[in-house]
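**Student:** Take the sequences, apply the hints, and build the full model.
Protein chains in written order, with numbering that gives the first Met the number 0: chain A, 0 to 1114; chain B, 0 to 417.
To be clear, the hints were calculated from the coordinates, so they are not data collected in a lab. Think of the CB as a built atom: it goes at the ideal place given N, C-alpha and C, for glycine as much as any other residue. Keep in mind that the hints are not guaranteed to be accurate.
Unchecked claim - If you anchor each label on the Cβ, the simulated ranges turn out as follows:
| no. | chain 1 | residue 1 | chain 2 | residue 2 | range |
| --- | --- | --- | --- | --- | --- |
| 1 | A | LYS428 | B | ASN175 | 32 to 38 Å |
| 2 | B | SER193 | A | ASP488 | 53 to 59 Å |
| 3 | B | ARG225 | A | LYS339 | 26 to 32 Å |
| 4 | A | ARG606 | B | GLU36 | 47 to 53 Å |
| 5 | A | ASN1041 | B | GLY170 | 27 to 33 Å |
| 6 | B | TYR179 | A | ASN981 | 22 to 28 Å |
Unchecked claim - Under the rule of at most 27 Å between Cα atoms (straight-line distance), these lysine-lysine pairs were calculated in the BS3-like manner:
| no. | chain 1 | residue 1 | chain 2 | residue 2 |
| --- | --- | --- | --- | --- |
| 7 | A | LYS383 | B | LYS409 |
| 8 | A | LYS347 | B | LYS315 |
| 9 | A | LYS339 | B | LYS239 |
| 10 | B | LYS20 | A | LYS136 |
| 11 | B | LYS239 | A | LYS210 |
| 12 | A | LYS424 | B | LYS315 |
| 13 | A | LYS86 | B | LYS102 |
| 14 | A | LYS210 | A | LYS196 |
| 15 | A | LYS612 | A | LYS639 |
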Amino acid sequence: MNGGLSSLRSEAAGAMRTVLVSAESLQLTLKPELTQEEQALTQSGRKAKEAHTAGNEDLKEMLESNKESLKLEAMKRIVQLISKGKKSSDLFPAVVKNVASKNIELKKLVYVYLVRYAEEQQDLALLSISTFQRALKDPNQFIRASALRVLSSIRVPIIVPIMMLAIKEAASDLSPYVRKTSAHAIQKLYSLDADQKEHLIEVIEKLLKDKSTLVAGSVVMAFEEVCPDRIDLIHKNYRKLCNLLVDVEEWGQVVIINMLTRYARTQFTSPWKEDAVFDDNEKAFYDSDSEEKQGQKEAKPYIMDPDHRLLLRNTKPLLQSRNTAVVMAVAQLYWHLAPKHEVSIVTKSLVRLLRSHREVQYVVLENIATMSIQRKGMFEPYMKSFYVRSTDATHIKTLKLEILTNLANEANISTILREFQTYVKSQDKAFAAATIQAIGRCATNISEVTDTCLNGLVLLLSNRDETVVAESVVVIKKLLQTQPTQHSDIIKHMAKLFDNITVPMARASILWLMGEYCERVPKIAPDVLRKMAKSFTSEEDIVKLQTVNLAAKLYLTNSKQTKLLTQYILNLGKYDQNYDIRDRTRFIRQLIVPNEKSGTLNKYARRILLASKPAPVLESAFKDRDRFQLGTLSHSLNVKAAGYQELSDWPAVAPDPSVRNVEVIEPVREWAPSVGKAKQPKSDDKFYSDDEEKEEEGSGSGSEDSSSSSSGSSSSSEESGSESEEESSEESGKTSSDSGKSSSGSEASSSESEPEQKKKKRTKKATQRKSKQSAADSDSDENGSGPVGKTSSSSAESSSESDSEEDSDVDSPPPPSPPQKKTVAKTKPKVEVKTKKEVSLLDLDDFSPAPPSAPKSSVFSSSLLSDLEGLSLSNVSSAMQVTTPSFGPVKTYELLHHMTGKGFSAKYHFPRQPCLYQPSMVAVQVILTNSSDHSLEEIHIGDRSPASLNIHCFNTVERLEPGASVTVSMGIDFSDSTQAANFQLCTKEDQFSVSIQPAVGELLMPSTMTEPDFCNEQKKLMGMNETSASITMATANTSKQNISKQVLSVANVGVVSSGQNDLQRFAGRTVSSGALVLVTLELREASTALLTINTEKSVMASMLLRDLKQALSQS
Amino acid sequence: MIHSLFLVSNSGDIFLEKHWKSVISRSVCDYFFEAKEKAGDPENVAPVLQTPHHYLISIYRDKLFFVSVTQTEVPPLFVIEFLHRVADTFQDYFGECSESVIKDNTVTVYELLEEMLDNGFPLATESNVLKEMIRPPTILRSVVNTLTGGSNVGGTLPTGQLSNVPWRRVGVKYTNNEAYFDVIEEIDAILDKSGTTVFAEIQGVIEACVKLSGMPDLTLSFMNPRLLDDVSFHPCVRFKRWESERVLSFIPPDGNFRLLSYHVSSQNLVAIPVYVKQNISFLETGSCGRLDITIGPKQTMGKMVESLMVTIPMPKSVLNVNLIATQGTYTFDLSTKVLLWDIGKLNPQKLPNLRGSLSVQPGAPKPEENPSINIDLKIQQLAISGLKVSRLDMYGEKYKPFKGVKYVTKAGKFQVRT
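**Tutor:** Pasting the structure below:
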């Protein structure tokens, strides 16, 4: 890469020289200094003066003046000229020298001009290049980005190397916005010089790895434009793209979804097989667990690839997007990729789009029309949404009609026909005609109503409007052809109407019918021919042709009556102006009138002319549209558009799914479920041995560090170590099948994407697991059989890759661990109650909170807890490295005052311990005191709000004597928000509503980190994830110790040892989602400091910032 | 993606062009004019057209055509949605989206278009991001700018562009913190001649006007969220919370925005607030017809029906009308043949009636179908579906905001067939 860059650089330097040379050829001396450049430009401006038209002279003078405002005014007028498409390229020299202006608006307008005319004035455009090159190094990311935007928009081939270099450099810029711009520039450069493709693909490959949601859409766009066939570049990024998708901006979503649709069709096997077994119903679809089935991949019934499922699951929420293009993109993805029974979830959203603008309706209806041909059932419940209103535009009406016709079946045909009756009467005659066509189609498709429709159409023959009648005739003709038997009355009726019908197509149709079925109406047909003979010369061509046809057919069947008439008509036709008619007449004459030349053919005339003809099939105009991908331009036009990428057929055998596995496991990423490396059985075994568990804390943090530091370069052994630990911790979580207290560890990796959903499920699952306890005794069982697997672990996302071989390795060790855990679970509450009793003795008589007592209790319990922690460590995933709690003074809060509680009071504090019940919960200790004169019984927690609030309640306190107090601990999942947890504290007689509102700092857990790791992580959380403020600290706080004391009092974070004296760093993770929270305090002179918080949780960051600021500014 | 954009007035005048890649001659619009000619009514122009070398995707809004040119495959909805977003932005910036306003603000329009697309791919479409880069024109600012030489263009990257809440900028400050939510429901219905409902459904939106300082995190919950059958959200709404708890949790954009649009499940019978008794007839022989329309309240939940308006597109053969309205006024547009009856409030005691004669072009055949009647109405303080907001909570900020919820029911596409 470096070599490549340097060679590029020399190339770019070469290009720059060319630029300078060509500038010199314009008799300029171009130096990097701005003033000279400007002078030079002024000179060139003067040179070109003669060519100017008089009209732009004043503008030029304004541009050359010294006043910014005049220049700006001139540029505004020039932009107006451009917008009207008027030529102003002669001003180029005068404009381009303002490119380095300090005034941003002026500069931007110059950019507009430059991009518009650079192609025409290539030599002069080169003069601006050095300005952009300078701007590319500007510290302001906005300036860098816009310089790159304009530079790459100047379509001058000579600067290709400069552009290439700029793109390469911008692609590794720190600012995601600049990287996004570089992705756009790739496409521009490619369209300017397709030879650069190879180099550009390198950049695309690099940018595809980018983790910023800002970049994702743009780089995929570049991919689609430059190298849509390089599917192999996507493999490694597939899962990341799937997981990022929800957060990408809406336009990027459309592009990514379309690309992934194409990708999926090449990589996965068809879910549409006849024998497909779908053991996952709609509900399981939301479950992350469906991947569990992956284990039985080789089994006969079709099992969806987990990556395939991942795509379907992650795109589904986007159906709720406000952007219609996104909704359509998801709809087509489901149409092309989802199992048949799942496609119908897109229906509702598509129907919703029909409320949108007219143009949106048009495109959506087109797509629904195509879909409704294949899948009537999908849209049938929404049939009424396609009813036509008189105010709809004609093309909308026609499309709705098309869909209604597609939806018609035996059950709903009467409703539809009633609706059609209204439409036939429409004032919009084109639409009325289309309705008649539609009735015809319904009649052929549904045999039950054929007669009804036919009668209805016959009634329409007496309609006053000509187009309606004509259309009816044409449709009746087609219908009669399908079942000609008993319909001679209709033919007679039509013969009667013949005089009144003037539309040529209708007249021709009646004539054809007469001829075809002349034997059924032997009396009328010759009479019609007689009339036609009279008016032959004034008829339209199409009618004349049919008259000739009718004459010929009658001649063959009834030559006695019609011989002379036929002769007459054939003579008229012989001299007709139209050569088609002359030809036809000549042909017919030879065929039917026997003479010596045409001996043999003559015998077959009857069989030729009166052969039974196959009935026409009335079918939808959208029938063949499904060859195009839905939602595309090609589909809309029904023509293959330029650049259309064909959707490939499903492969018979899926290509190797392991290509999507990502080698580098990064500690905390939004798209974390990137897994699937073979783990080493050795480490598994080790993990399950007891002493290893005790060490877990240390070793875990070590492995995490290594993996985070090695995110760029992969050191595989360490990683696999850390990963296997992660996985095996899950494994143990799975096996530990007790009462929901044990929840599996890998929070950090699995919870970000759908925390709420999962949490709910987890509790559900825990109970399920309990019931399964006996059944699910070994892992291999769980993973081996799909249905069981569903109920097993919530951390499926990350464990899904584990294959059976590894599982068998894991099998033997687990048995010892469940009992262990049970003892933990059982002993713990007891122990706690005991300790708290001791504490409560101290504050027995205190009605108001006693501050000194609380910290003591926390010290006490925390040491106990950390003992317990050693036993239950498998609950805590390695990614959730929590250090020993950092002690600050613990504040106690009032939960229930004894006045309101009728003598029953409660206080709470946050012990800052990892919660034992679930890692996503915040531990809270509640001190219950009975200061009334009677004993309280059955103290427990009642209703909670919001109802979904996940609280782990303390065990019911059976009896609390007067004057006694007890400390209980509970866990509350605040989901990383400071929303108060409201619940009811109940005694046997009373209920008290109480609420716990956590300070934002309590929602964190300290995390150990080395300084380099901290810096690494911080780099990943720049830009949008950074919040900072400068603060003035109280003088008492300036010492290092005091600062950390204050910070720790506010937030439960860990101190990161730092080599620099003026920098203090703290690291923590949010309890619920495990997102990193990094706090940096940079001391400046005179007790001011810069406080920076880096985290993805922007709301938390701003709240934390405020709290910290407050704490540090007061002594 | 989007190669060029042409703004075309209703009369067929190209008054603005913008190219994001190399220049495409405006003669490409000739194909569009041809299609427009053929379609007659501007509403009927097909949104997607093919020409030998280009594809034209157009929208028609506020009497303007936005014609975009592309050369390669692109999802048509992508372009259409974007063009509407452009029109929305103009509306937002200039108060209206008309030819004269765009001509007056060409430079701002050009700057906006420049920022909205890069190489034909949308770059910044969030109004709050755009407003930080290019400030909307106000009289005061233009005066100040002429005096000081200041500009409307910002020099730094808008904070929204980089943040994961691109719809909100940081550092918002208000002295009065307030959040208003308007629940607006529209009844779409087709009634047949006899007054029975052929089709009816309720579509609703929640329009919000949030003026809160800092980074508030709001939670809006409903008494009866089950009513909402199908919803689409502003990107700020956390989908997961909705899925699990049926509450709307979001960090709101600053100012006005559409929080949610929803559809009420069709199982619930839709209450139709008014009934229409109508009799429109054209005499077989003479050149006249009769019209008699009465409107009365049906299911109004005890609320007053306001802004009642009746629109009837008459057949082309109707020359003029001669009617008497017991309430309100009527107008008849001679060129479009649209009869408009503006009633105002519906008084249940004295039902409004419009009757009289229609003069029809002599000799013209009797119109096949009676014109359909379109009704417009408004009922304040009522959400016809029964949807109720139960509470709004704010987290993340300390102050107490002023909160308000308003309900309005309107007629959407409410049509009576005759």
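**Student:** Against each hint, give a clear statement of whether it holds in the structure.
**Tutor:** Here is what the structure says about each hint:
1. A:LYS428 x B:ASN175: 32 to 38 Å: violated (58 Å)
2. B:SER193 x A:ASP488: 53 to 59 Å: violated (33 Å)
3. B:ARG225 x A:LYS339: 26 to 32 Å: holds (29 Å)
4. A:ARG606 x B:GLU36: 47 to 53 Å: holds (49 Å)
5. A:ASN1041 x B:GLY170: 27 to 33 Å: 30 Å Cβ-Cβ, so the 27 to 33 Å window holds.
6. B:TYR179 x A:ASN981: 22 to 28 Å: Taking Cβ atoms as reference, TYR179 of chain B and ASN981 of chain A lie about 26 Å apart, which means the hint holds.
7. A:LYS383 x B:LYS409: holds (20 Å)
8. A:LYS347 x B:LYS315: violated (38 Å)
9. A:LYS339 x B:LYS239: The given pair, whose Cα atoms are some 26 Å apart, holds under the 27 Å limit.
10. B:LYS20 x A:LYS136: The hint holds at about 25 Å.
11. B:LYS239 x A:LYS210: holds (22 Å)
12. A:LYS424 x B:LYS315: Answer holds: LYS424 of chain A to LYS315 of chain B is near 15 Å, not above 27 Å.
13. A:LYS86 x B:LYS102: Within the cut-off at roughly 18 Å; holds.
14. A:LYS210 x A:LYS196: With Cα atoms ~23 Å apart, LYS210 of chain A and LYS196 of chain A stay inside 27 Å; holds.
15. A:LYS612 x A:LYS639: Since the Cα atoms of LYS612 of chain A and LYS639 of chain A sit roughly 34 Å apart, the hinted pair is violated (cutoff 27 Å).
Figure legend: structure checked against the earlier numbered hints; hints not met, in rising order: 1, 2, 8 and 15.
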